[in-house]
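Engineer: Below are the chains, spelled out letter by letter.
Protein chains: 4
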Amino acid sequence: MPYQKIIDDLYLKYKDFKIKGKVASYIPELKKVDANKFGINLYNLQDESFGAGNFQEKFSIQSISKVFALTLALKEIGEKIWKRIGVEPSGDPFNSLVQLEFEKGIPRNPFINAGALVICDLLISKLKEPKVKLLNFVRKLADNEDIHFNKKVVSSEKKYGFTNAAHVNLMKSFGNIKNDIDSVLDLYYHMCSIEMTCKELSKSFLFFTNDGILPWSKEKIVSLSVSKRINATMQLCGHYDEAGQFAFKVGLPGKSGVGGGIVAVHPDLYCICTWSPVLNKKGNSYLGLKVLEEFTSLTQASIF
Amino acid sequence: MPYQKIIDDLYLKYKDFKIKGKVASYIPELKKVDANKFGINLYNLQDESFGAGNFQEKFSIQSISKVFALTLALKEIGEKIWKRIGVEPSGDPFNSLVQLEFEKGIPRNPFINAGALVICDLLISKLKEPKVKLLNFVRKLADNEDIHFNKKVVSSEKKYGFTNAAHVNLMKSFGNIKNDIDSVLDLYYHMCSIEMTCKELSKSFLFFTNDGILPWSKEKIVSLSVSKRINATMQLCGHYDEAGQFAFKVGLPGKSGVGGGIVAVHPDLYCICTWSPVLNKKGNSYLGLKVLEEFTSLTQASIF
Amino acid sequence: MPYQKIIDDLYLKYKDFKIKGKVASYIPELKKVDANKFGINLYNLQDESFGAGNFQEKFSIQSISKVFALTLALKEIGEKIWKRIGVEPSGDPFNSLVQLEFEKGIPRNPFINAGALVICDLLISKLKEPKVKLLNFVRKLADNEDIHFNKKVVSSEKKYGFTNAAHVNLMKSFGNIKNDIDSVLDLYYHMCSIEMTCKELSKSFLFFTNDGILPWSKEKIVSLSVSKRINATMQLCGHYDEAGQFAFKVGLPGKSGVGGGIVAVHPDLYCICTWSPVLNKKGNSYLGLKVLEEFTSLTQASIF
Amino acid sequence: MPYQKIIDDLYLKYKDFKIKGKVASYIPELKKVDANKFGINLYNLQDESFGAGNFQEKFSIQSISKVFALTLALKEIGEKIWKRIGVEPSGDPFNSLVQLEFEKGIPRNPFINAGALVICDLLISKLKEPKVKLLNFVRKLADNEDIHFNKKVVSSEKKYGFTNAAHVNLMKSFGNIKNDIDSVLDLYYHMCSIEMTCKELSKSFLFFTNDGILPWSKEKIVSLSVSKRINATMQLCGHYDEAGQFAFKVGLPGKSGVGGGIVAVHPDLYCICTWSPVLNKKGNSYLGLKVLEEFTSLTQASIF
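Residue numbers (the numbering used here), protein chains in the order written: chain A, 1 to 304; chain B, 1 to 304; chain C, 1 to 304; chain D, 1 to 304.
FYI, nobody ran anything at the bench for these hints, they're computed from the structure.
Possibly wrong hints are sitting among the right ones.
[Claimed, not checked] Once the Cα atoms are required to be at most 27 Å apart in a straight line, the calculated DSSO-like pairs of lysine-lysine come out as:
hint : chain 1 : residue 1 : chain 2 : residue 2
1    : C       : Lys281    : D       : Lys80
2    : C       : Lys20     : D       : Lys83
3    : B       : Lys249    : A       : Lys249
4    : D       : Lys220    : D       : Lys131
Could you build all of it, start to finish, from the sequences and the hints given here?
Structural biologist: Structure representation (structure tokens):
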């Protein structure tokens, strides 16, 4: 069955689905989003794109941006970043301080908030204009200049971001943050505020299915080995305390954000992105999980 | 490069390697094992076997047996087992009670001790002679009658198994163990005491690379979907608190045991098993991890 | 105001009080107790006794017995018991395993279940017939032969005592239990099953107000220093996770039990005991706390 | 034996004692203090003062100031402060975030850092010039105008206080901090930077031995009941994770600080203060604990 048909069918099946859960509400900017938005897009290595619903509408990618930041850090700094950050799944909820304190300020992985804050700290130490560099990096991966920070989201996050401030202060107390706390939080909130569409996101993750190489320009972003390792990290740590469920049901490496987006990667084949803002209790898009599970069942396309 | 050559090269490279770590010592039977034992074996779907070193010598498979028990439980009882057990990675060390108490007696996954104890409890409720049934199931998977429990290991485990007794009592206090505590522990210790060779183990996991079907007899052990889900569970939970490292470096679903064995599965291709009894701090075979990492690098064969 | 008047007034004020909470229900024997039972008794150093309500009715003293066991252990074995047990308050609920695991099997204090189990283990190692010895010790302290174990409570506790079994197994795994697990649990459950009246209990704790000496016979049970230290331990650890509230509101050393009894000691003056089986969320007698708070307010008799 | 003689004897016995432990080193200002400083002072209700060693030398009172802040909050705001703060001992080390997160931003008691930060927040909401008010309050209690903040300590604390910043941010994320984070930390650090002598401290705590009334002016600072409750809180929570040891060995309500001071109160009799900057592993003055234990043994003066 062709991708477009499957995606259209899934869109029609679920577009009026009664969803259990809530839109993210910790900042006003996210709370305002229309709960009924629903988009799907798939990009394959043949540069074909298949979309349905609101797949061309921008949304706040939030934690999905952590994959871009990790990739940039590995590209610019290399494997030594793993001295300051782990690669193990985190059993605790994504905003927990317990584990971080127990493990002396070393975050378990780069996709929990604490881990992404360390990545920001690393980027600030290494790059001259880290915000500009990060945004340009995402634009190159998406082959698209029309990608921006949302300044309202940035200021909202700053106003309510006491948990993140607690994390970064705790890590600083353990010596695992080198730069000024405010500049680390500033880069972090800018990163999370990036807005993209399903179509742009699925294109921008395509190099992970292509051994680290941009399919259209053949530019090598990261090595084969690094690309596979980022995929492995997404598989194990990409969905807060629901990584097991995601591997079990969807069976692909992926990353979700509280804006309601999920990106999943099938090595050597395609990248698929869904957007539906209503979240389950674990903070992942309710409909996104459902659609991706059904998609990989229909296409028998899990990596396992 | 042919598998036999790669395996021979890795064996020669590492057979005299100075290893950091210790043989498992919590029971005398495991402590007695020669630290220098080292075997590798790969079975592919063409029924070819490639071995090196002590690949035909029996060792205590310990926690690797948990994969057999989970598979038998899914085959006999079905998906409803997931009401009593999770599929999420466990951040804590494999013998921790903290998480189990916090999560009201529901173990995080079937590969931590508590989870395997629940699986044993489920098998006892369902099967008439669970020990016999389990052993026969393993024999069928390995196509080999010469597989046995080690009674000395069973009694040693019983004598020193106070942590497991604590787990099972705690879960019973939460109502998540239905049978008599002694019979649950008895099945659990028998299961862990199974002895197999690298060659036998790599053959017995081959159906996981073949969508749940025994390659030689075409017998369907579990469905495609269940087979993929067990692979996903191994990927996320198969190596205690080192699952992330294993995914990151080896990139294949797998399961380790404190006897020093590790089995790894490449869907659609092969199953490989290593044995070296010296463990790292996380309780996984030091040399096994090294060899498997290098094997998947050389063959560029990670699933990611 | 004379004690009898205060006690009568408090009894009348509270005997028909609508209580929030529940009778202990983890074993049928405790669940059966009439929730309306309510007794108060005070013994002073002049050997005068002042009672009201059901103060001459036997009830299950449960954890109050831990004070007797600790005293006997200090008398028979001495200060070296503190190598295997702490004197710090426990922040966690009384049935928590978390702290015990974190602190390598050393219980925080002798009044949490794990601590009392270690005391039982110490008594078994030291005494020939520990159950007989313990019961006779309590009889001497109460100057009364009519004090007994309740065998039904013992078997009920054994049938449902999986949490205690988890504790003792965990401590055994850390080497902090020397004897057979079943014999430790047997002594523990016998100890908890002792039945006494408010009058008997207030008499049996009187030596703690008298520097360790039985007022009627002048027999020295423990030294002045040991007596004061047990009082201090009751003050800091006598009420599970409500020790602070008890010190804050009542201001006397004391010990509660899930049978609904509370004993409180005023050094150099008196011992008072209340009984009302309905417990608050923290496992302490709701009415007992209220009455004792009001009693020490009226008599301005806190030790602080 | 008269107090002066006991104090002189203890001073001579311990002044050249080889101490195990270290001076607080988390800020340079504390690290610089001479480890050999050693002072003792006792004030009784007859307005007599008995000192030895460096009892007239100022030192950083640090956490001892939390008792002043709590008293001022109870005086100015009343019992409703207990809605935002508990009175239970904290099992965890004094800088732990675990419990605070678990208990939704409500600190266990007013003497852990998080609790004192909430007290500061309450004072800021209530008082116009909280720093001035607090300092004047301490001066009145000590009957002495020559008491000051140490501005160098304040800026040192701010420079290195990432753990406290983590605490206050975490509580703000739970809604338990109402004011600006910087102003809360500013008051907190000023409070901790107060410098006093043993003589001044022992005088300033004297009203706790006198039912809340300043002995020299008969001014009522707090009610009898509040005075007793603060004593109870000091007894249960005054020494981080060593409150049990302090009750057990010293047997008096008290409060310690990382500057090496300890104040202890004997209701109706006296207040005693020791200073020796070398701390044990739990963060309490090594020599102070020893001297106070011996003092209450010699005078048989525990409250238990």
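Engineer: Checking each numbered hint in turn, tell me which of them this model violates, lowest number first.
Structural biologist: Of the numbered hints, all hold.
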